[in-house]
Amino acid sequence: MWQYILRRFTYMIFTVWIISLITFAVIQLPPGDYVSTMVSQMINSGMDELPPDFEQEVRAQYGLDQPIYVQYYKWMRNIIRDGEFGYSWIYRRDAKDIMVERLPASFAISAFSVLFIWMIALPIGIYSAVKQYSLADYTFTLIGFIGLAVPNFLFALILLFISYKYMDQAMIGLYSQKYETAPWSLAKFWDLVKHLWIPVVIIGTSGTAGLIRTMRANLLDELNKPYVDTARSKGLSETTLLWRYPVRHALNPFISTIGWILPSLIAGELIVSIVLNLPTSGPVIFNSLMDQDMYVAAGFILILSTLTVLGTFISDLMLALLDPRIRLS
Amino acid sequence: MDMTVHEQAVVLGMHEESELKLEVATQWQLTWWKFRKHKLAMFSGGVVIFFYLVAIFAEFFAPWERTQYIAEYVYAPPQPVHLFDDGKWSPHVKGLTFERDPDSFKKIWKIDDENKIPITLFAKGAEYKVGLHWMPVPYLNDLYFTTSRHLIGAKDPTQPMYLMGADKSGRDILTRLIYSTRISLSVGLVGVGVSLMLGITLGGLSGLVGGWVDNVIQRLIEIVMSVPDLPIMLAIAASVPLDWSVIKVYFLITLVIALRSWTGLARVVRSKFLSLREDDFILAAKLDGAPQSRLIFRHMLPSFYSHIIASLTLALPGMILGETALSFLGLGLRAPAVSWGVMLQETQKVAVLALYPWLLWPAAAVITIVLAFNFLGDGLRDAADPY
Numbered sequence: 373m374w375q376y377i378l379r380r381f382t383y384m385i386f387t388v389w390i391i392s393l394i395t396f397a398v399i400q401l402p403p404g405d406y407v408s409t410m411v412s413q414m415i416n417s418g419m420d421e422l423p424p425d426f427e428q429e430v431r432a433q434y435g436l437d438q439p440i441y442v443q444y445y446k447w448m449r450n451i452i453r454d455g456e457f458g459y460s461w462i463y464r465r466d467a468k469d470i471m472v473e474r475l476p477a478s479f480a481i482s483a484f485s486v487l488f489i490w491m492i493a494l495p496i497g498i499y500s501a502v503k504q505y506s507l508a509d510y511t512f513t514l515i516g517f518i519g520l521a522v523p524n525f526l527f528a529l530i531l532l533f534i535s536y537k538y539m540d541q542a543m544i545g546l547y548s549q550k551y552e553t554a555p556w557s558l559a560k561f562w563d564l565v566k567h568l569w570i571p572v573v574i575i576g577t578s579g580t581a582g583l584i585r586t587m588r589a590n591l592l593d594e595l596n597k598p599y600v601d602t603a604r605s606k607g608l609s610e611t612t613l614l615w616r617y618p619v620r621h622a623l624n625p626f627i628s629t630i631g632w633i634l635p636s637l638i639a640g641e642l643i644v645s646i647v648l649n650l651p652t653s654g655p656v657i658f659n660s661l662m663d664q665d666m667y668v669a670a671g672f673i674l675i676l677s678t679l680t681v682l683g684t685f686i687s688d689l690m691l692a693l694l695d696p697r698i699r700l701s
Numbered sequence: 010m011d012m013t014v015h016e017q018a019v020v021l022g023m024h025e026e027s028e029l030k031l032e033v034a035t036q037w038q039l040t041w042w043k044f045r046k047h048k049l050a051m052f053s054g055g056v057v058i059f060f061y062l063v064a065i066f067a068e069f070f071a072p073w074e075r076t077q078y079i080a081e082y083v084y085a086p087p088q089p090v091h092l093f094d095d096g097k098w099s100p101h102v103k104g105l106t107f108e109r110d111p112d113s114f115k116k117i118w119k120i121d122d123e124n125k126i127p128i129t130l131f132a133k134g135a136e137y138k139v140g141l142h143w144m145p146v147p148y149l150n151d152l153y154f155t156t157s158r159h160l161i162g163a164k165d166p167t168q169p170m171y172l173m174g175a176d177k178s179g180r181d182i183l184t185r186l187i188y189s190t191r192i193s194l195s196v197g198l199v200g201v202g203v204s205l206m207l208g209i210t211l212g213g214l215s216g217l218v219g220g221w222v223d224n225v226i227q228r229l230i231e232i233v234m235s236v237p238d239l240p241i242m243l244a245i246a247a248s249v250p251l252d253w254s255v256i257k258v259y260f261l262i263t264l265v266i267a268l269r270s271w272t273g274l275a276r277v278v279r280s281k282f283l284s285l286r287e288d289d290f291i292l293a294a295k296l297d298g299a300p301q302s303r304l305i306f307r308h309m310l311p312s313f314y315s316h317i318i319a320s321l322t323l324a325l326p327g328m329i330l331g332e333t334a335l336s337f338l339g340l341g342l343r344a345p346a347v348s349w350g351v352m353l354q355e356t357q358k359v360a361v362l363a364l365y366p367w368l369l370w371p372a373a374a375v376i377t378i379v380l381a382f383n384f385l386g387d388g389l390r391d392a393a394d395p396y
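Heads up: the sequence lines are chains A and B, in that order. Going left to right, the first sequence walks through residues 373 to 701 as the working numbering numbers them. Going left to right, the second sequence walks through residues 10 to 396 as the working numbering numbers them.
I should point out that these hints are in silico values taken from the structure, not numbers from a laboratory. Check each hint, because a few of them may be wrong.
To be verified - Simulated pairs of lysine-lysine, DSSO-like, Cα-Cα distance not exceeding 27 Å:
#1 B/Lys43 with A/Lys597
#2 A/Lys566 with B/Lys46
#3 B/Lys46 with B/Lys358
Unchecked claim - In silico contact screen, one side only, chain A against chain B (beta carbon under 8 Å); selected entries:
#4 Pro523
#5 Ile638
#6 Leu676
Since the structure is predicted, the reported quantities are computational estimates derived from the model, not experimental observations. Ideal Cβ positions, reconstructed from N, Cα and C, are used throughout, including at glycine.
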């Protein structure tokens, strides 16, 4: 078991390292950098008399004139040693502060989305398997598929449209006005939870269909096994029988799916917050990518990816704890 | 049982015949028979074929020319089709008039009950070519004919007919919707091609060679799967220079979308190769002295073509949605290219959407085709293993 944990842990560290490389490389892709954006903005706003080596000096000041691997090394060193993610040129603040401000809401949305998906998919999956080919089975399957087929951003758009047309605007947003700029507190968190359900429902619906299908298929496999007949012939009631054996067997995908659900949840959260303009990481990542505010974008992407990988790692561990077949192989 | 010997023989014979038919049927036949039973999947297959036909013959299905517009008719509402006039068969739409809102100077459209614009099937409109004229191959590209018939249109082509309303420059939404199926649907096909190549090559290597190669490829797949793809896709898409041509952007976006979907296929291929390696019929072929390449291409791959097709069908909707989302955010394709996502960009401002809800029509197309692909893929997956 320890060996298994150690191996998974090494893979995780390796994955995070690769992700940091990819992130940094991708962030560097756009032609030019923030300094060139800044200079063209200054020229546009009427400053035509810039010192000839102004651009070079600013670049040197921010270390942008160094080769990319030196920049990468410094970036990583500062994160690991000091927990510093660099400076945001647009917001004129430390990237870390922006992340502390924005990321908790993103996590909350993703975590509640996982809970939402489980709460919906577990009972429906079980019901659909037990009452296979019933009207309810077909209905749930259809609804699940529609949830899968309606892209998150469209769902968000439609909700936005309805709330704009038929309700007051209050439905959109994550905090009540008085908490908007308040520091984090228990009351603010509770306020967040009350507003959270809209993005959670939007993001959750796209994930439930897949999980319902897996749960249904797994449970159907289990229900046809001889041990179920044995238990039934021994006089066990249907409910006890169902919950004591096949359901527990079929539960594996619930744990293992966290791993592959998380990336899509994060992606869903991003796009929904961009559409609804929620004060989470989505709009910040989008804007920083557009304006080449590279440390902000890289920091957010790195942290979100790391947490995804961490989520997968934890789900692997839980799976190994639950299922000795995985632990021992 | 009062059955004569003769009757019994007939029943038996029929039974044997059907069993015989089952025994000699090829794998594809069996798959088809099984697939045919899945009514929803059959229907969805029809929908998919219809969408691709619309994409191929967009000029015919679209009532208008691709770039045609009437500047006056900015945000004109949809004109419903009336089939009868005073109880007589006379399909028509009603004309539109507008007055200015005294405060905002916005056009307020009204249906003009007096002005009836007759419409007809196979109406004459702009000329277009059907055939192989677009091929850059001499002689082959002479194989085309010119026609001016459109599936539906006003009898007088200069009269406005906005069956789904107009957009901000007075273009017909229906026409744009039909032309954008080309890009929206082909992005999926090209993307599937890319992920098919990656998936089969890497999955095959992983399953056949095994050892450290397998290990490296498995780690690679795990990494790709655990990266939240959207931010990376956004970053790559944001880096596209503004002066790139439509074609270049198109292929880059397709590639970006394909890069995240090959992993699932690679896993299927790997697990199939792993289990097939141990199978009796492979062992038999090996003992017969078949070389490795024959083992792979003649015996192993054909035994799970149907699985590959099913996973590809299930991968398509994800790609279509990916392109739509990127273009919606303004990071995907740009005008003059038109896809469903590009059309939906106009709906980003909720105030615009509230005034002109018909701009949301492309969403209906997206949802329909994604559902159809999902049901079709589901049916194919069920039918993939007919034994």
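To see whether the hints hold, each was checked on the structure:
1. B/Lys43 with A/Lys597: 24 Å, holds
2. A/Lys566 with B/Lys46: This hinted pair is violated, its Cα atoms lying about 47 Å apart.
3. B/Lys46 with B/Lys358: 45 Å, violated
4. Pro523: Hint holds; A/Pro523 Cβ to chain B Cβ min 5 Å, cut 8 Å.
5. Ile638: With Cβ-Cβ at 4 Å, under 8 Å, it holds.
6. Leu676: 5 Å, holds
The structure fails hints 2 and 3 (numbered hints given earlier, in ascending order).
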